[in-house]
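Participant: The primary structure of each chain is shown beneath.
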Amino acid sequence: MNLLLLLGIPLLTGLLVLLVSTKVQVRWVSFVGATAQLIASFLLFFAFRTEIADQNTAQFLFEVDYTLIESFNIHFHLGVDGISVAMILLTSFVVVAGILVSWNIEKMTKEFYFLLILLSLGAYGFFLSLDLFVLFFFLEMAVIPKYLLIGIWGSGKKDYSANKLALMLMGGSALILVGMLGLYFIGGHEFNIVHLSKLTISTDYQHLIFPFLFLGFGVFTALFPFHTWVPDGHSSAPTAGSMFLAGISMKLGGYGCLRVAIYLLPEGAKEYAHIIIVLSSIAILYGAFVTMMQKDLKYMNAYSSISHVGFSLLAMAMLTQTAITGALMQMISHGLMTALFFAVIGMIYDRTHTRMVDEMGGLMKTMPFITTVFFLVGFCSLGLPGLSGFVAEMTVFVGSWQVDDWFHRAATIAAIMSIVVTAVYILRAIGSTAMGPIKNPSFATLKDATWNEKLAAVILLIGIIGIGIAPSWLSNLLKPAAEIITNRIMGK
Amino acid sequence: MPNVLNILLIPLLPFVNFLLLGLFGKTYLKKSAPIIGTVLMLASAFLAFQTAYEYFFVYGKVGEVYQQLMPLKLTWLVFAPGMQIDMGLMIDPISVMMLIVVTFISLMVHLYSLGYMKGDGRIATYYSFLGLFTFSMLGLVLATNIFQMYIFWELVGVSSFLLIGYYYDKPSAVAACKKAFIVTRFADFGFLIGILTFAYCGGSFDIPTLISALTSPDSNELKTAIGYSFVGVSAISWGAILIFIGGAGKSAMFPLHIWLPDAMEGPTPVSALIHAATMVVAGVYLVARLFPIFSIAAPAVLEIVGWVGVISAVIAAIIACTQTDIKRVLAYSTMSQIGFMMFALGVAKYGGEAGLGFTASLFHLFTHAIFKALLFLGAGAVIHYVHSNEMKDMGGLRKNMPITHTCFLIACLAIAGVPPFAGFFSKEEILLAAFHHNRVIYYIALFTSGLTAFYMFRLYFSIFWNREHSAHDSAHQDHARHGEGGWVMMLPLVLLAIGSAVAGFVPFGHFISSDNQILELPFHLLFSIAPVLIGITGITIALIMYKTSNDLPAKWSAQLNGMYQLAYHKFYIDELYLLLTKKVIFNLIGNASAWIDQHIVNAMINAAGTITQQFSEAIKKLQSGKVQQYGIYFFTSVIIIVVVLIYVWN
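Going line by line, the protein sequences match chains A and B.
No gaps in the numbering here: position 43 of the first sequence is 43 in my numbering, and each next residue is one more.
No gaps in the numbering here: position 255 of the second sequence is 1255 in my numbering, and each next residue is one more.
I should point out that these hints are in silico values taken from the structure, not numbers from a laboratory.
There could be a bad hint or two in this list.
Claimed, not checked - Once the Cα atoms are required to be at most 25 Å apart in a straight line, the calculated SDA-like pairs of lysine to any residue come out as:
| no. | chain 1 | residue 1 | chain 2 | residue 2 |
| --- | --- | --- | --- | --- |
| 1 | A | K198 | A | E70 |
| 2 | B | K1026 | A | R351 |
| 3 | A | K447 | B | L1560 |
| 4 | B | K1030 | A | E70 |
| 5 | A | K157 | B | K1030 |
What the hints assert, rightly or not - Listing some non-contacts, in silico: residues in chain B with all C-beta distances to chain A over 12 Å:
| no. | residue |
| --- | --- |
| 6 | N1006 |
| 7 | V1058 |
| 8 | M1070 |
| 9 | F1079 |
| 10 | R1122 |
| 11 | Y1150 |
| 12 | L1495 |
| 13 | A1501 |
| 14 | L1525 |
| 15 | V1532 |
| 16 | P1553 |
| 17 | E1575 |
| 18 | V1601 |
| 19 | G1625 |
| 20 | V1648 |
What the hints assert, rightly or not - Chain B is nowhere near these chain A residues, computed Cβ spacing over 12 Å in every case:
| no. | residue |
| --- | --- |
| 21 | H75 |
| 22 | L196 |
| 23 | D204 |
| 24 | T228 |
| 25 | I306 |
| 26 | Q402 |
| 27 | T445 |
Just so you know, these numbers come straight off a predicted model, no measurement behind them.
Glycine included, C-beta positions come from ideal geometry on N, C-alpha and C.
Please put together the full structure from these sequences, using the hints given.
Facilitator: As structure tokens, then:
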């Protein structure tokens, strides 16, 4: 399968969106483009599985390599392993759903959709790249649209949030750039991830470079204490913006932490694993407790994202194969779940014009579909079996429990403890919005979801339930790639 | 050999019910939903009985030992080599016994709900939730893998949540369902770590593999597990304690019982199914399932199981004597009876005669499921009739509800341990096991069975006798037409009443014992005199106090004022929890975290922005655009550099 197709479809969609004239055309072009991309992602997935079944043992499949700038040794080098395939699938699910829930955006529709597609193009490129420079290029491409999305279509204190988000992410990018150049020069002018991974880099140098890369990507994935852009950014962003932010952008960071920082600098990872574990355990528990105190649904989900993303960082730092597989599964699961969560919150807000938990109540009576989805996504968040959150969290816990010293045990127990707190805040949110008597009489006449909202929810639910009921396909997809990473850590 | 498809269909039919009614119940199947649910459940129950018959009488026994069979085991998720979650079917005496209990009680409840829930607008949803619950409970019972058990354990938890909160617009129901879920979640936190510890010790999640690894005396796993300790307790004991915490949460053992009385907010048939007969005994089933590990590798934990059980039994019985909501009385009585099952396990040992407590515990589980479901369904019929849960709104109902009255009386006699009803036999064996292994537990249990007889007959007399119902009779003329709720409600009552009367005659030791060999249950006439006498004393006191309306109850409760208040307020345990969660967790931890996030972490980031801004504000004056000023900067700089070069450099 030619990987250029996966960049070509969003690029073409973006151009077409600029060319067509009416809002209806913009919507349909975007929707068709995103759906085509979803199909292409599935084709990639099946092609990948076929190759694996045919005993293709190459680390990266379907490689494409064009020289971009000869003198700097920069290549347009693409290739996929199990991790990238899973991330691309996740992205295409979220993009289709995001486009569907934005159906009623009337303000500057064309620009809005164009930015969404540009953001998705950045994400696809990022997950496909095997050249650090190109990877960085796509990472930046995914940042800029977020600033505009929040700044123009946002709500609340949108200027502050947009600035904060863009500046913090830019700060992260700067750190990444430093680390990247560090690798480039030590590797003899090399940006190629495959070549860099074969390189023996001295332990001291790894200790020096690792923090730049990990912190840089960590900011993207809400590493404590650099998570403060998340609550403000999410709450000010338009619905699709929040979905993309939590469902895709935060995953760019997690992917970078693993693929670039940990994989290329295993000695650095070992050196700093303890610190990462402490920070992510704090993020998990503290994030959960802060979530418990929130009254605004969007803030609630933003803080719960910090807690949930903490699971993937924690598991990565455990450095065992099962834990890393769990970290990746958690990223996928959280991406689908949180996108759906924001979608549902958006649907509720569009109708009730409030996001405050204590102003709602009894919504189940008037919006059975929306509240059912709200229940399901809440259950996914608190780790109910049958939904994706459970399998991801359990893989993280089992993988973390394999490291048998007291420090790792204590961190794992702290992480597991958060499932209780999660249950508290999820049930509080569900209990006071969907259940209970109808507080506000004007809510008695609200309408249930429209076709586009239903379709968006169903698409994401298919992902969530598909992973939850049959997790082995995802686990088997990720495990070989996780094994390569752990082998490198073990020094094999 | 077992018929895999038949066994597989037992849990799958209720699941089909859940999917079908969950997806299409509201739109296409509104009328037929209850019938579809009941028919599917009937088929499932039929297959369960068939399986049980074939297992116990055709293929199950090889020689004198019942075999543990796993006709189906599919790999669901592999974590690491050896560590995997399988989805399978476990067929052995206790799981087959549970199949009968769960499907039978569930079928009765499905049937009963046809009448009880008639006219409810969301009846399709109700039946789909019942299907989800039955599926999950059956999956739990049939689990071959401890993680599979955990998965279904969580699913029964969520179905319980959904059904308690069925009347979702009632704030009390919402609070109750949240409470039930969160308290059991807290216990599951222990369960999960217990699973991880067990798997770490035994190297597997597979139950038979775990048991053999952790119980054979020469296994390396057991030696390491006992050797490896934390604060003086071996890893295996930690694992067992934590798993027991999970079981105690679901089985409403003290001090994790606070959710059960509130769970009575759910529709009454649901209370009968989930919060009396099946889900709440999951903890007992869990300990029984892993019994060899508890008994051989962690005997000290079994001791704890025994004490927790007996303390729960007596506390719940005392509280039950003072409650006035009939469903709450039954809830506390459930807690008390599960306490009996728990301590029976606690006083048992693996293998042979010493395993009497094990058999007795499951025997009580079996009989209790029948008579307690009957009590709840009977109470449901009463509530249906008087539209109230409070004892004071009832009285003299025996003439109005003759069938309910007879059935309820049989159930009360059964739970009070009056021979020859079912409860007598099972309680007798429990007391016997306690008598031989731990006298203190025995005496407390004896006292508790006296209390049981008292509060059950207090309930019975208050509902069906006491003051004659003349004033209300006219108001109930309308109800007289639908009377006791029609045959769909009465048939389950009658069937369960027959069960409560005869279930005690099942030679239970022939089917279930700790080591799957035949155990002849001992029966001593002399021994049973004490419990029966105590039971009859309890009934007599209740008769004097509550058969006719008099001032004895008021007088006695006034005399016992302090004790009475304490028991009436459930020993203030709820208030204690409220204090802990509200003050400590919400105010101290939650608020503090939120404050730190806003005022420290976020402030730091904002400060970074502000400092940058003010710094550039300060230095922007340098860029004034005036050439003269730039000239001064230039020449001053040149002079400074020259001076530095000349004097400092050399």
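Participant: Hint by hint, note whether the structure agrees.
Facilitator: How the hints compare with the structure:
1. A:K198 <-> A:E70: holds, 21 Å
2. B:K1026 <-> A:R351: holds, 23 Å
3. A:K447 <-> B:L1560: violated, 57 Å
4. B:K1030 <-> A:E70: Distance ~70 Å between B:K1030 and A:E70 Cα, so the pair is violated.
5. A:K157 <-> B:K1030: Violated, because 47 Å separates the two Cα atoms, which is more than 25 Å.
6. N1006: holds, 23 Å
7. V1058: holds, 34 Å
8. M1070: holds, 20 Å
9. F1079: For B:F1079, whose nearest Cβ neighbour in chain A is about 5 Å away, the distance does not exceed 12 Å, so it is violated.
10. R1122: violated, 10 Å
11. Y1150: violated, 8 Å
12. L1495: Its Cβ never comes within 12 Å of chain A, the nearest being 33 Å, so this holds.
13. A1501: holds, 39 Å
14. L1525: Label holds. Min Cβ-Cβ 50 Å, cutoff 12 Å.
15. V1532: holds, 45 Å
16. P1553: With a cut-off of 12 Å, B:P1553 remains clear of chain A, as the shortest Cβ separation is near 36 Å.
17. E1575: It holds; B:E1575 is separated from chain A by about 19 Å at its closest Cβ, greater than 12 Å.
18. V1601: B:V1601 is in fact no farther than 12 Å from some Cβ atom of chain A, at 5 Å.
19. G1625: At roughly 27 Å from the nearest Cβ of chain A, B:G1625 sits farther out than 12 Å, so the non-interface label holds.
20. V1648: holds, 33 Å
21. H75: Since the minimum Cβ distance to chain B is about 36 Å, A:H75 lies beyond 12 Å and the statement holds.
22. L196: holds, 28 Å
23. D204: holds, 29 Å
24. T228: Violated: least Cβ distance 5 Å, not greater than 12 Å.
25. I306: A:I306 not clear of chain B: closest Cβ-Cβ about 9 Å, inside 12 Å.
26. Q402: Check fails; 7 Å does not lie beyond 12 Å.
27. T445: holds, 17 Å
Comparing the model with each numbered hint stated earlier shows that hints 3, 4, 5, 9, 10, 11, 18, 24, 25 and 26 do not hold.
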